[in-house]
Amino acid sequence: MNGKKGSVEIDIPPPNKAKQPEDGNKSGFQGFPCKAWIWSAWEFCKDDVDRVIFSFKVGLAVLLVSLLILLRGAYEIFGTNIIWSIITVAIMFEYTVGETFNRGFNRALGSLLAAILAIAVGELAQLTGRIAEPIIIGLSIFLIGAITSFVKLWPSLVPYEHGFRVIIFTYCFIIVSGYRMGNPIRTSMDRLYSIAIGGFVAAFVNVLVFPMWAGEQLHEELVNSFNSLADSLEECVKKYLEDEELNQAEFSEKVMDEFLDEPAYRKCRTTLNSSAKLESLADASKWEPPHGRFRNFFYPWSEYVKVGAVLRYCAYEVMALHGVLHSEIQAPYNLRIAFQAEIQDAANQAAELVRSLGKDIWNMKRSLKTSLLNRVHSSTERLQRVIDMHSYLLTPHYDLPDNSSNPVPKLSHVLPTTPYDFLDQEDDVCSTNHEKSSNHLTQNLTESYYEMMRKQSRRLNSWPSSKVDPFEKGGGFRIGILPQMRAVKSTAALSLTTFTSLLIEFVVRLDHLVEAVDELSKMAKFKHEDL
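Take 1 as the starting number for the sequence shown in this note's numbering and just add one per residue.
Note that these hints are calculated values from the structure, not bench results. Treat the hints with care, as some may be off.
Claimed, not checked - DSSO-like cross-link-like pairs, simulated, lysine-lysine; straight-line CA separation at most 27 angstroms:
{"no.": "1", "residue 1": "Lys-238", "residue 2": "Lys-359"}
{"no.": "2", "residue 1": "Lys-359", "residue 2": "Lys-369"}
{"no.": "3", "residue 1": "Lys-369", "residue 2": "Lys-525"}
Starting from the given sequences, assemble the full structure and let the hints guide the process.
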């Protein structure tokens, strides 16, 4: 059919080509993924060197306990029961000193209670005779497993969940071994001193070899949250005031794909997601002895969690600012620029106050924030006054003249040929009452404002998206579109109003943040320093 007119030629690849992708995948599996895995592991270690240190510390602790079995002299003393020491190190060793002590406490208390229960039940079972003894032991195992599993779900006992797990398996091991060996007391004592050796080795290595204190990590994490929030606020306001692309119709589609990857958004999201981490570090810090700069007994670690909660309370407003920044309808660039100085000043003053609070916590110093608060409130009040003075720019006051008693003239004699020109003329006529009170700023806003309105009106009146202009569809002009145009204008102007309102609300919430930091400085006995 190749010689005929209108024929179609179909090329079928030879069979040997089908095997080439498989060979390529095989070679890639042997080469590239291995190199990629090594590179990703290297980057993972570079991000936090403490991860590597922690791994070596665990290996060192397990090695020290294993020597009690590998060395003949130690093995003759401790015997096979030393395997419990290895299990204790593997279970008890945690990333920070506080978490290790917490695990050790649960391990010790659970083992002690399990040993006492096993000895009591074992002695009681021996008195009942050989027939009833296994029945009593089996029934006790069921009751201990059921009761401890139920109690560990109690909300106030959730922090001791590991201790209840230890009770279950330690009790089962001791009671069963004691039944076969015939001496539950000896079995319990062997298990206890083996567990004590493993716990001592784990605590010794974790405290003396490059210790990682949960208190220091909590302190640093909270300060980083302050700096991240200040950076996120400044970057958001800067982008809102300087990005002229906000007026473009295709901007929202482009920016929504990159929204989650923006550094400012990621910083704010990190602050909002820090609740669980701060609470975990605070719980671990309570188990740590005085160390480093935290030399006070009963240090108020719980206050760090309260300060973090107030900080997240402020971060919600910054996240809302990001929402306005990436909204579909935006105020025109010239309208945003009109309030640039006041918005920028309020944001900078607020960010400076947040950074100053974080710096005081980092340096563990207590300083008066009266002057900074006064500057923040002054800049906010100045922003409010400017908005009140130029409120006519944010709220449309245009009304159609009432000509219901007169016949409507032909649109060709009264209106221009395009609906956008009609909108310009209608706005010029209806805004004569405001020309006397308007300044030179209003004249500069008019052109870009109407241009933005036209673009956004096209978007709002086309669903699904279409290239046809809804105002030109049908070759005429619909007078009923004017209320819809005013609604679009009003919505766009309210975008700027919403942004400034959220910024003012953020400043109001800073008062609570200052109070929380001051309470922390009092309870932690920070050094007093006057500005």
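Evaluated hints:
Of the pairs offered as hints, the one joining Lys-238 and Lys-359 holds, with about 23 angstroms between alpha carbons and a cut-off of 27 angstroms not exceeded. Distance restraint check for Lys-359 and Lys-369: the Cα-Cα separation of roughly 12 angstroms lies within the 27 angstroms cut-off, and the hinted pair is therefore satisfied. For the hint linking Lys-369 to Lys-525, the alpha-carbon distance of about 17 angstroms falls within 27 angstroms, and the restraint holds.
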